[in-house]
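**Q** With the first letter of the sequence shown counted as 1, position 18 gets the number 162 in the working numbering; the numbers rise by one all the way through.
These are computed hints drawn from the structure, not numbers from a lab.
Among the clues, some could well be false.
Claimed, not checked - Below are the PhoX-like pairs computed for lysine-lysine, each with C-alpha atoms no more than 25 Å apart in a straight line:
| no. | residue 1 | residue 2 |
| --- | --- | --- |
| 1 | Lys165 | Lys178 |
| 2 | Lys253 | Lys193 |
| 3 | Lys192 | Lys253 |
| 4 | Lys165 | Lys193 |
Note that the structure is a prediction, hence the values are computed from the model and not measured.
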Amino acid sequence: MKYTISLKKTPEFRSVYRRGKSIANRFLVLYKYKNGKEINRLGISVSKKVGNSVVRSRVTRLIRESYRLSEEIIDQPGWDFVIIARTAAKEATYKDIADALDQLIRQQKVFKENS
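Take these sequences, add in the hints, and give me the full structure.
**A** Printed below as a string of structure tokens:
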């Protein structure tokens, strides 16, 4: 099991928002940006519009776990990903979030072909 490096500082998030490409579906928005490093980094953003702190924490955990399990299909290292939860994510199950994230990663074309 690999350890995922997190984006933590506001300038790191802003850089991905400003320079990256985005794609969205019903539950999530995914931004990607080439970071020029040998590792992938992940940032998760869940606003107060999604719900109270319990709901936001749950959605964050679901997104983090979905990314952890789908990280092995990401082929090229060196990406910064920012995943933003939409308000519909508060009623989503783990399977909904996992399928939504998998769909976005495949649409961004950063996955291995044989997976």
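**Q** Hint by hint, note whether the structure agrees.
**A** Hint check:
Distance restraint check for Lys165 and Lys178: the Cα-Cα separation of roughly 10 Å lies within the 25 Å cut-off, and the hinted pair is therefore satisfied. Pair hint Lys253 plus Lys193 does not hold up; C-alpha atoms about 30 Å apart against a cutoff of 25 Å. Restraint check: the Cα-Cα separation between Lys192 and Lys253 comes to about 31 Å, which exceeds 25 Å; the hinted pair is violated. Distance hint between Lys165 and Lys193 is fulfilled; the C-alpha atoms sit about 23 Å from each other, no more than 25 Å.
Figure legend: structure checked against the earlier numbered hints; hints not met, in rising order: 2, 3.
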